[in-house]
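Participant: Below, each chain spelled out in residue letters.
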Amino acid sequence: MENVSTNGVLTHLSQLEVRARSPGGPETQRSRVKELRAEAEELRGLREQLKAEIRALKDPCFRQHLQELRSSADPRPSEDPPLLQMMCRQLDLKDLLHGHHLIGGLDAVQTRQGRAVCVSLQTTYEGVFLETFNLELELKPRVRIGRHNIPPFVPLQSLAEQSRLQTDPGAFLSTLSQHLNAFVGRRRQLQLVKEQHASVEVMESNLPCSILVLLFTAQTEKAAVLCTLEYSDHGSRLPGRVVLDCEDKQLLKSPEWRSCCATLMKTPVHRALARMKKSSLIL
Amino acid sequence: MKIISDNGRFDTFRTLLQMLEKMGAENADEVKMLEGHIEHLKAEITSLQHQKEEIDRDAMFHFKGPMLDALLIVCRQTRDKDEEVVMSKLKEEVEELEKDLRLQTEMNGIIVENCKIKTLFRSEGKWIRQVCVSLQCSHMVFQVDFQVSETKEGPTSEKKVIGLNVVLDSDDLQNCSGFLSRVEESLDLLLLFRTLRNFSDRCDERSRTFQHLQEKFPSVVSLPGGCRSEVMSLRHPELPGCVVFIHWAVDIFTEGTVAPKINLLTKISEKALELFPSQPVDGAAEAFQSLLRILGPEAAVECVLRSVSLSQGDNVWGEKQLKQS
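Residue numbers (the working numbering), protein chains in the order written: chain A, 1 to 283; chain B, 1 to 325.
Don't take each hint at face value.
To be verified - Coverage of chain B stretches by chain A, computed from C-beta distances (three or more under 8 Å per stretch; other residues unrestricted): (1) 22-34; (2) 37-48; (3) 64-73; (4) 94-107; (5) 110-122; (6) 205-214.
Stated by the list, open to error - Okay, derived cross-link-like pairs now, SDA-like style, lysine to any residue, Cα gap no bigger than 20 Å in a straight line: (7) K91/B x R70/A; (8) K266/A x E53/B; (9) K58/A x E53/B; (10) K64/B x P141/A.
To be verified - Okay, the calculated beta carbon distance ranges per label pair: (11) I111/B x M265/A: 32 to 40 Å; (12) M33/B x Q49/A: 53 to 61 Å; (13) E68/A x T46/B: 34 to 42 Å; (14) L223/B x L207/A: 45 to 53 Å.
None of these hints come from the bench; they were simulated from the model.
Please read these numbers as outputs of a predicted model, since none were measured by experiment.
Glycine is no exception: its CB is placed at the ideal position from the N, C-alpha and C atoms.
Work out the full structure, taking the sequences as your base and the hints as a guide.
Facilitator: The structure is reproduced here in structure tokens:
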């Protein structure tokens with residue numbers, strides 16, 4: 001009888017052991033509890049941290065104090081704690097950098113421990129901020145253009161040579177920014193022509209938007225006029241040459257059409273077309 | 001093998017077994033409870049993070065890293081951050097920013113002296129900010145105020161300049177005023193700064209040339225308006241009635257092209273003109289334009305200078321050019 005009971009106990013024990021070792025068993029459950037307790041504690045800590053940060057960020061006295069400190073003309077070094085002064089300095093620097101970014105249209109960040117500079121070039125047209133292009137300039141041993149996402153029709157190498165990249169990277173970036181802005185400007189003008197002037201047909205355009213051929217209908221006799229705009233200077237948003245062609249050669253000799261040629265050379269094309277429509281020159 | 005047969009020990013075993021089983025059940029409960037608690041905490045944290053992002057987005061100041069730690073210390077919202085450590089980390093960040101600022105200043109060629117940004121308007125998905133920047137570009141000091149509006153609609157966002165005003169605190173205002181009003185209308189920030197920088201470079205070039213020539217020919221050259229002015233006058237000390245003026249303007253054309261426009265003007269007394277009917281004098285201005293095209297601004301001006309100072313030898317060719325007109 002004793003044997004049966006002890007045998008029963010041992011079997012029971014070994015069964016429990018198996019259960020304990022198996023997933024869902026008490027031993028794994030104990031370690032799971034430990035894990036969960038630790039996770040809960042971590043999350044509680046994070047929650048308290050966030051609450052403290054929100055309280056600090058919302059703190060009205062602090063904001064007022066900081067505002068006063070930053071707007072006061074003369075610094076009062078003795079009165080304010082050094083940490084607060086250092087915070088003001090950080091905020092001032094951030095604003096100055098933001099100012100640079102807005103006026104220069106470029107954001108330069110040193111990378112690879114000062115061995116390279118990553119530049120983001122902003123493009124705008126008529127006040128609207130359009131796309132950004134990126135370029136890496138390796139500085140050592142010589143200044144060299146690294147990776148970039150600038151369209152291939154922009155002649156980077158010749159721009160670099162022209163603006164003496166080695167001695168004045170700022171001048172190179174300024175010229176590059178001009179070319180990129182000119183390209184984006186021409187492309188935007190073409191978009192606006194398509195959007196605003198449905199009566200004008202775009203016959204031809206190319207990738208760098210340096211050639212534009214338009215077909216419009218003159219009011220007089222509803223004659224078709226073919227207009228070719230050549231932007232030979234890729235750094236410009238205005239055409240270098242305008243050629244008008246019409247079957248009725250006499251039409252184009254009139255003073256209105258002559259002045260319209262001049263307008264097309266001096267005004268962005270979508271605006272020039274609007275003027276021509278307004279003066280009833282074209283449909 | 002000694003098999004436990006003692007009834008007392010068997011009972012202990014049985015109690016132990018019962019406890020183990022009970023613990024197993026309790027553990028399962030605790031696991032459930034903890035898992036529920038954790039889910040709740042995660043939800044709370046997500047909502048707090050959203051709150052924080054909203055405050056951050058509204059604010060002019062963005063706090064993270066050492067700045068956030070410093071904020072917590074200053075607002076007394078934390079007890080376990082070491083002020084010295086935070087201070088030194090913040091100092092490191094400030095030094096990095098100063099390095100970035102030096103780099104940007106070099107790249108842009110303009111010194112930003114002051115930049116104030118203020119939120120004028122804020123609503124769901126739209127901001128309007130006012131930016132006032134004071135800048136210095138070589139000798140030119142100016143202030144630019146503009147408004148930027150930003151709209152976010154789902155994945156698309158649009159940022160644009162909606163107002164622009166430039167105040168130039170400098171004597172070069174007349175030449176720039178046409179360009180400035182055009183650019184204020186077209187809201188072209190980038191063109192504005194690129195052009196002002198080029199304009200400033202050209203003015204510096206003129207100033208350097210004038211100064212250099214005055215040092216080289218002090219008895220002949222005078223700068224009635226100072227070395228930053230547009231006019232240089234040349235006269236031979238022994239011919240007081242005859243003055244040659246070089247007017248060197250810097251013009252800004254459409255699209256921001258900047259180019260010098262240099263003209264030569266003569267002021268000769270009536271008496272002298274009677275004595276020497278003045279083919280060379282009449283044609284001087286045109287001849288100067290040819291010289292300009294061939295030699296460029298500095299060399300052409302120096303040529304005229306040498307002629308006026310009646311110096312022999314060096315630039316006989318130049319003198320011949322003038323006389324041939």
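Participant: None of the hints should be skipped; say for each whether it holds.
Facilitator: Evaluation of the provided hints:
1. For the stretch 22-34 of chain B, the assignment as covered by chain A holds, since 7 residues bring a beta-carbon within under 8 Å of that chain's beta-carbons and 3 suffice.
2. Note: the stretch 37-48 of chain B has 7 residues with beta-carbon separation from chain A under 8 Å; the three-residue rule is met and the coverage holds.
3. Interface restraint, the stretch 64-73 of chain B with chain A: holds (6 residues with C-beta to C-beta distance below 8 Å; minimum three).
4. Three residues within the 8 Å Cβ limit are the bar, and the stretch 94-107 of chain B against chain A gives 11, so the coverage statement holds.
5. With 6 residues carrying a beta carbon less than 8 Å from a beta carbon of chain A, the stretch 110-122 of chain B meets the three-residue requirement, and the given coverage holds.
6. A stretch counts as covered by a chain when three or more of its residues have a beta carbon under 8 Å from one of that chain; for the stretch 205-214 of chain B and chain A the count is 0, and the coverage is violated.
7. Only pairs whose Cα atoms come within 20 Å are accepted, and K91/B paired with R70/A is accepted, the gap being roughly 18 Å.
8. Proposed proximity of K266/A and E53/B is contradicted: the alpha carbons are some 47 Å apart, above 20 Å.
9. For the hint linking K58/A to E53/B, the alpha-carbon distance of about 12 Å falls within 20 Å, and the restraint holds.
10. Restraint check for K64/B and P141/A: not satisfied, since their Cα atoms lie roughly 35 Å apart, outside the 20 Å limit.
11. For the pair I111/B and M265/A, the beta carbons lie near 37 Å from each other, so the given range of 32 to 40 Å is met.
12. Between M33/B and Q49/A the Cβ separation comes to about 24 Å, which falls outside the hinted range of 53 to 61 Å.
13. The hint said 34 to 42 Å for the Cβ distance between E68/A and T46/B, and at roughly 35 Å that hint holds.
14. As the Cβ distance of L223/B to L207/A is approximately 51 Å, the hint placing it in 45 to 53 Å holds.
Hints 6, 8, 10, 12, counting from the list given before, are not met by this structure.
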